[in-house]
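**Q** Given the coordinates of chain A, assemble chain B with the ligands onto it according to the supplied hints.
So the sequences go chain by chain: A and B. Numbering follows numbering that gives the first Met the number 0, with no gaps: position 16 of the first sequence is 15. Numbering follows numbering that gives the first Met the number 0, with no gaps: position 323 of the second sequence is 322.
Watch out, some of these pointers could steer you wrong.
[What the hints assert, rightly or not] SDA-like cross-link-like pairs, simulated, lysine to any residue; straight-line CA separation at most 20 Å:
#1 B/K543 with B/N533
#2 B/K104 with A/E221
#3 A/K462 with B/F410
#4 B/K106 with A/E221
Treat the hints as calculated values from the structure; they're not laboratory data.
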Amino acid sequence: MQRKISLIVNNELVEVEVNPGSVLLDLLRDTLKLTGTKEGCREGDCGACTVIVGKLKNGKIKYRAINSCLYPIGNAAGKHILTIEGINTDSLNKIQKLFYDEGASQCGFCTPGFIMSLTAHLLTHNKLMYDEVVNSVAGNICRCTGYSSIKRAIKELTTEFVSNSYELDDLINKGLVPDYLPGIKERLISINELISERSECLQKHHKIIGGGTDLFVQTPEELFEHDLTFISQNDMCEINFKGNRCFLGSTVTFEMIKTSTELQQYFPMMDDYFKLVASLQIRNSATIAGNIVNASPIGGMSVILLALNASIIISNKEEKKVFHLKDLFLDYKKLNMEKDDIIEWIVFNLPNGKFNFEKVSKRRHLDIASVNSAMYIDDEEGIVKTVYISGGGVAPIPLFLKRACEFLTGKEINKENIIRTIEIAETEISPISDVRGSADYKRLLFKQLLKAHFLKFYPQQIKMGDLL
Amino acid sequence: MKNLDTEKHIKGKSLFIDDFPTPDGTLILDVFYSSVAHAKIVSVDYSEAEKLDGVKKIITAGDIIGENQIGGIIHDETLLAENEVTYIGEPIAIIAAKDKRTAHKAKSLINIKYEELPVITDPKEACEKGELIIPPRIFSCGDIYNTWDCCDYIFEDTVETGGQEHLYLETQGSIAIPVEGKKIKIISSTQGPTYVQKAVSKVLNIPMHFVEVDVLRLGGAFGGKEDQATAFGAMAGLAAYILQRPAKLVLNRHDDLVITGKRHPYISDYKIGLNKEGKILAYEVSYYQNSGACADLSTPILDRSLFHATNSYSIPNVKSTGYCCRTNLAPNTAFRGFGGPQAMFVIEAAIHKAAEEMGIDVEEIQKKNLVSEKDVTHYGQVLNNCNAQKCFNQTTDLYNYNQLKLDVKKFNSENDQYKKGIAIMPICFGISFTNSFLNQGSALIHIYTDGSVQISAAAVEMGQGVNQKLRLIAANVFSIPVELITVESTNTTRVANTSPTAASSGADLNGNAVFIACNNLLDRLINRAAEILNITDPKLISIKNGTVYISGEKTDLAWNGLIEQAYFNRVNLSSQALYTTPEIYFDKETNKGNPFAYHVYGTAVITSKVDCVRGIYNIESVKLVHDFGKSIDPVVDKGQTEGAVVQGLGWLTIEEIAHNVNGKLLSDTLSTYKVPDIYFAPDEIEIEFLEDSENRFGPLNSKAIGEPPFMYGIGGYFSIINAIKSFNPKLEINYSAPITPEKVLMSLYGK
Ligand SMILES: Cc1cc2nc3c(=O)[nH]c(=O)nc-3n(C[C@H](O)[C@H](O)[C@H](O)COP(=O)(O)OP(=O)(O)OC[C@H]3O[C@@H](n4cnc5c(N)ncnc54)[C@H](O)[C@@H]3O)c2cc1C
Ligand code: FES
Ligand code: FES
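Next up, chain B with everything else stripped away, as it sits in the complex:
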């Protein structure tokens, strides 16, 4: 199974935005942005910068032809700030110059005066001051208030999770090329080509069919280019359009870190009630989401937190409340898991605390409360094909959890300097955009006269292997070698009105669309083959391994021959199809419905080791059983799982986003923001594919993979906590992530 993308990557031949050959005279853009977190702009003096040799123009809000507005869901985000800035990094002007160096230099010559206003960085403070982006959202079931009295144990606490920088290795960027007749073409590193198209059309005040957006591939995204690539596409578009010259904007790493939003930090208050046996009876939780200065995708992200408030557990009485708190930080945005991980961390912390206080094992509570078939979630969805218990039990059996636990105990009793910890992390993650209308995928397929096949779809390739999956689906339907099939760039002129490639759904939605389109073509081809072979019942005809069969008997008619003949008989060799996920709906008033096509399940066991002299640690192993459905490409799916696990571990351990009280990002370079390297990654990640998992919503019975395994990382956090506890049993745990070496050392020697 030749993966064409991989082959190019390995030779360094894959083009990313900064690699595209650009026409002579292409202008290089740079973004001038706010250096204070909240202020009125008193004056900006561009004269020195404009005088610099090689500067073509400095574009400001006043130059915007159409609307100065790029907010996707809520229209609260300008492309370029006019009178007020609300976070450090907020774009104010675009410098167009002959080269990078000139543009950068010009930036330093701009003289701006601010009148500073109060800065809020803390979500709870924002909430108290009424700075909410939308009214609070509440998802609930049962009756918590009358349940507390029935509980044998009640625990309350506040827990925190930090932000996370996407650190896609390719920074944000776009190239814009003016096209005759007032049209424009944008080559963008975006997960949402249509978002870019819309924004450019709005900013330039031209209809959408004047804007072509093309996306070849992304050097990583993880959610960071779902909404936030739009601004840079629009900036490049604006500059190219105004100046009628090609323009390229590629952020340098520092600017990317400062300007773009990250995973939302959360502060959460919970109250959990259990009976003596460890059954959770009631759970009340409030999430204070640090949304940053604009809405961006914060509102659906908050919703997903509310959906995943109970992770894999069935809790009869739940009240979860979410607050989108507007602060003076860069607008936080989508990041793998989309609010799910933040919520799951809270329930796991609650269970951990309950187990500690009740003196029982965490896994006992986890196991006792796992969801099962036909359970109804607190948002009203009935769980079908629920594999939570299967995964949990298989994990503890396959990896012999009891023995692992004994090994850890033994190690700890024999060692002073090092302590180990072990934790289990079950996951349950809903698949579908929770905004139901987004659940559509489309594909356009051409078969050329030589039998080669070309797929265009709404899905964007960003390393998740969606192109390869689409090829495999088409190869499967046609039963032809995958080598005959290519996937083209995602282009709004070939596939219109694309949903962003996000929510782990790219392969599902577009794979199903490819499936439909291929089957349409196959029907036509089979009919044609029947005619050629003089068979009256086309049902007897099939194609296998590139050859036509009649009732299982091989014929001389091969794929290429069939296609050629079909062409001469004027058969339509192109097909376009739309797939929409069936049976999903959600009522945003009652917050009940059937929002997800299905759920993904799995369970991991994580072991870590803490050096109690130095406060450093490593994650030794992650062993898991995961529900992949029927994997279309096990190499891709395994890779997604491994990558997600390590990214999840990074979020909870060493990846620390630091701001000062003035809203300045302190971790604004790669020397101060550390993501996992090869030594940090666990020595061992063992992955078992759950057997016999069916999924009628996934193409070829597969399941979505991008996000769910990220949340296994949460177990890494608790394994470290458990190791610390065995060194310092008296420690009162402050459940706050990331658990940096600093926090570990302070906890080892704290009270």
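The shape of chain A in the complex, shown without the other chains:
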């Protein structure tokens, strides 16, 4: 199942015969002997394998940090990959120097990953804000330093170095990124032409790969022996607005949603919600359709979209279908979808009312939820016009709280009705005990998260004491 794949790694054109169902990390380490990129977990949870991927779109290269351990070679075709080896110069660059001075590297195993995350941040921003830079390494685990020294290095970087806006040229002049970057675009264009010719044949195979962040954790061995279609390599990667409706292309990544300025107008807190979902590296790869189809009962996107009463547009060779997302989930990991169905679009009405997403996990960030929940509520003079409530981790599927919503619709927002809504919601859930918490805990937590929605929506009317 080998295929010839072309890509640029650092400053070199790489053309290799390789199984497209293998991951970029193995190509870098085993084939190209670029061992600066490390393997710490192979499941997206440590960041030691972080590299930068540049994708050509509309005549520009967009760079982003990804976990190479879950990044399918099929998706790497036609891209520019930057590894630690590609950014090294004779001396230490400013980021490296700060890490050095602050002692931000102890055993050193995590360090290249941190450096790459930070470099990616520089490449994707033109101004540095401390909190955002910290967020750029939130997907990198360091077991040695306790992060204090890393935070000091970041603080120095933001305050001392580039407090004003900067351009790629500035980064190059300061030795922070290599000087061959400007030439990469032309070189990628010539490769990309080859790719588009090939995309036809890619389509014929059947296992669909989005970002691969779920599949390559679950069944990497199978993928190696399967025919694969890399749909993230194709289009459907747009966020469109028509009237009061939003169309999310199926390969839109979590991070695209998080950073969409249009969506931020409707969801002012979106950045906060998405910070709780996976890590930047994963969000840069993970697609929205992948999240829906993997049908995890705690899928963050599914829970959010359920509370937006989203619909999905599905197609296969014969037909196109549209149905409500809440009708898609049948049972644990069972979907109302045929084998050859592909999700094309996810559609929802832009909200008039209030929206909130809550998630609690053992660790606040980069952890799978114990329980999560989203709620949309539209009220007029204290009377609920529309309400959608969803919950994850409390049933075999991402759950739409039908009866609770029905009850609250048309009701006044007051203490009694909220308590009653929560009581009804409780009858709809059936959490189980597992490594993310006992059933009792999840039950209590879910009720608490519902309270949290109301406390956020109606801080004036509803106090914590009312709901105890």
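**A** Chain B with the ligands only, in chain A's frame:
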């Protein structure tokens, strides 16, 4: 001060086991292990796996040439299981194949049949059934039984602490290369090169001088590679030796999590007696250590729990009993603190409970009972240079503890949804291996004719900065730029009979050895300089900043010139030295003695904030005064402290090792076992170096740093408990760690 290791790390140029270029034809190994916790092996069918293209051989116990035994202290651990398996993850066979994928696939084709036997996962159950690895150990002083009657208050409780996964970012691994003449070379990620050497020699039935073990660096260890790296070195050695081909074994993360042991979970029963004023009069405690299926290092770990039963407190009547309980879990092992943290948690819980019940402040009891100069511990050691009170008082003064406490109170009175908690955590940690003979460090130093210096020592670099400290010590003795000095890999052909780099002692023992070796060389050089300069009394000669001085007057003779001349005059420019810690001894019959060279002290104040709607929390700040002695490298020491604090906090909060009743590890991936990330780490860790701390046992007056600050994390636990209490004052606290968000929420709304 150029840190050569750091520079390579930052460029991604540092080699770890999986990065070494290996010779063509290197076989890739994978470990086939037990999937049940206790069973007789009825049959294993390797035929399908062996048929797979690219599989070279599947090696089983029957292939072992020498002894199938790798137990370090107690010989109860086979390299490969033969007839019976006693935990999930116990190695049964080694697959040697052409690549990772093939080896992994072969593993899935092995067909094994078990006859399952009863499984024990609970240490108390093991104890009841007589499954003890050694007879109970008791350390005591005074007479508790006659003291209870004198106590105004007596409290009893049972407390638990959970396990902890090391999560060194580099997983276990080794490369083995056959060498001519039936010899073998092992490149290992181990804290104990000599342990690997011994095990390989035993398994292959070849003498130790046929085995070379080389350790360049470790991608983190934390105790997890002290004993447990040995098996993987031996497996690689066995495969390479039998097949006469280089072989590499690097565990994937999942297998590493399943196969290797962790910090020991403890269940502890205590009884504490105090007078009205809060003075602790008697303390009785029993530790049920969940040791796992083999002894590993459980017995010295248990001893350290007994040593640290009273943490920083002077208690006249103590009886502490420890049980090493054999269970059907992977053998638990060394982890930063080595049993100390588990014991310290218990005494802190006892004090917390006493304070709650007596209605006085915890810190009042803590302060009233702190150890002081010349106090005698319950194991009979007189405390010299005791800095416990100094650290405690400086912490409360410097950080204005009373004000911090008032701030927390005020915050809590003004907030419904969020509550804060604050706690103080003093520490007192003994430095030395408690097995006295291990307290030896050695170094071999060469000076080359161009004046460059090369150090080999028994210490293994694993991120703790020992190499940099050794360089600085040598630079200090010679008074030459540190750039002239390198530290080589730890190699058993250059430095023999190494003690493991553990017990926080790597820099102490080997730093002192370097110190001695450098001084030997310096003596020779000074004598030579005196000859060159025609000075009769060499005492007048000194070297400063790379130049020779006579009675404080600069000469033209520089370091390189001196070395060159020394060479031409056939001066020995190499020196080997052994350092042994003086004055330590311990009687294992009476359990009394002077086991520690010295103690490390410190005190931290920890503040945390709990979200009472969601049951989540964060540690806001950790502020501490710590006794570093005279730090050799403050950047390194600060980094060790910060890292240890966060790891300690992780142990007590979000790091939860979960097993089911069948002994299966449930937290067997990084998606289910969560260690601190950058957001979890406290916003603020303030570290003050205690002034005027002397330590004649540490090189250049320094103190050991690796483990002690880990235990500040215990204060994080109590700060969270205190926050919960202010939301739910009626709560009867169940002192059990880790305090996960689940436990917090259940406590906020529980009774
Ligand atoms: C470290 C880590 C952290 C994570 N954290 C979170 C989290 O916080 N919250 C959360 O919800 N999830 C989390 N995930 C899970 C995972 O990343 C998401 O579910 C992700 O959305 C999967 O998307 P993908 O594109 O990578 O899917 P893939 O792995 O490519 O595919 C997943 C499934 O979807 C199918 N598929 C993909 N696209 C389509 C399509 N267009 N039409 C039909 N079928 C399709 C695939 O065939 C496959 O069955 C995490 C994963 C990792 C590794
Ligand atoms: S190896 Fe851990 S995230 Fe890729
Ligand atoms: S420096 Fe060791 S993991 Fe970060």
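**Q** Verify the proposed pairing of B/K104 with A/E221, using a straight-line Cα cut of 20 Å.
**A** Holds: B/K104 and A/E221 sit about 11 Å apart, inside 20 Å.
**Q** Please verify whether B/K543 and B/N533 have alpha carbons no more than 20 Å apart.
**A** Measuring from Cα to Cα gives roughly 19 Å; hence the hint holds.
**Q** Below or equal to 20 Å on CA atoms is what counts here, so check A/K462 against B/F410.
**A** holds (17 Å)
**Q** Assess, step by step, whether the Cα of B/K106 is no farther than 20 Å from the Cα of A/E221, and give holds or violated.
**A** holds (15 Å)
Checked against the numbered hints given earlier, this structure breaks none of them.
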